[in-house]
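Start from the sequences, fold in the hints, and give me the full structure.
These are the residues of each chain, in order.
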Amino acid sequence: SQKIEQNSEALNIQEGKTATLTCNYTNYSPAYLQWYRQDPGRGPVFLLLIRENEKEKRKERLKVTFDTTLKQSLFHITASQPADSATYLCAPDATDSWGKLQFGAGTQVVVTP
Amino acid sequence: GAVVSQHPSWVICKSGTSVKIECRSLDFQATTMFWYRQFPKQSLMLMATSNEGSKATYEQGVEKDKFLINHASLTLSTLTVTSAHPEDSSFYICSARPGAGANVLTFGAGSRLTVL
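As you go down the protein sequences, you meet chains A and B in turn. When you line the first sequence up against the numbering used here, it's residues 509 to 621, in that order. When you line the second sequence up against the numbering used here, it's residues 2 to 117, in that order.
If you're looking for bench data, these hints aren't it; they were derived computationally from the structure. Errors might be hidden in some of the hints.
Stated by the list, open to error - Derived CB-CB ranges, DEER-like:
no.	chain 1	residue 1	chain 2	residue 2	range
1	B	R113	A	E517	22 to 30 Å
2	A	G549	B	S55	28 to 36 Å
3	A	T586	B	G54	44 to 52 Å
Claimed, not checked - Result set (DSSO-like, lysine-lysine): computed pairs, CA atoms no more than 27 Å apart in a straight line:
no.	chain 1	residue 1	chain 2	residue 2
4	A	K579	A	K567
5	A	K608	A	K567
6	B	K67	A	K608
7	A	K608	A	K511
8	A	K608	B	K56
9	B	K42	B	K21
10	A	K563	A	K579
11	A	K563	A	K511
12	B	K65	B	K42
13	B	K42	A	K608
14	B	K42	A	K525
15	B	K65	B	K15
16	B	K42	B	K67
17	A	K608	B	K21
18	B	K65	A	K608
19	B	K42	A	K571
20	A	K511	B	K42
21	A	K525	A	K579
22	B	K42	A	K579
23	A	K565	A	K525
24	A	K608	A	K571
25	A	K563	A	K608
26	A	K511	A	K565
27	B	K65	A	K511
28	A	K525	A	K563
29	B	K15	B	K67
Stated by the list, open to error - To give an idea of the interface, some chain B residues facing chain A are shown, with a C-beta separation under 7 Å as derived from the structure:
no.	residue
30	S44
31	L45
32	I94
33	R98
34	N104
35	V105
36	F108
37	G109
38	A110
39	G111
Glycine included, each C-beta is placed from N, C-alpha and C at the ideal position.
Below, the structure is given as structure tokens:
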């Protein structure tokens, strides 16, 4: 069966440092991989999408890598700030998914001043 | 940008009653919307795909008679939890895909249902 694995333990990090989150998937052949941010009691918000033929994607202080051989994506928050504290969800996405995204359980990031 | 509005944001009801949650796309048309459920500290679980003008398609294990979905227009989908019980208490979130191409979803803010 399809499985998406993200670190279940919260990532505590000091302000200014780089947070690195991992997303591993099995029994997927994603054409894309998406990352979302979810704050407590709110719906997720789209952050980044990376395609299978892209090794790396950046958006401001965010960087995503995608290794289809390892079946893994890494999500980096550089120069982290307390406002980055949230749960981050990954979603591998196949071209025939018709928008039916399945999400990992997410990794909570806590940035302390 | 694309906005999905969800209402109510929270609701408390008695066991056995029905609750309706609305999901609206405010600045785009959505032929398809998706309903998710999320329990505390757990992942979003896709419940069903809401299709404008036709029946919803439900994920395995989701009772279609329990969770009624209606998608009567291109901007509105509703989820009705019928004969709610305490185990239905959860966070329900709808989403829609505002653009063609990649399946980027815009989510509503979610509806917290508490069944007493």
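*Hint check against the structure, violated hint numbers in rising order*: none
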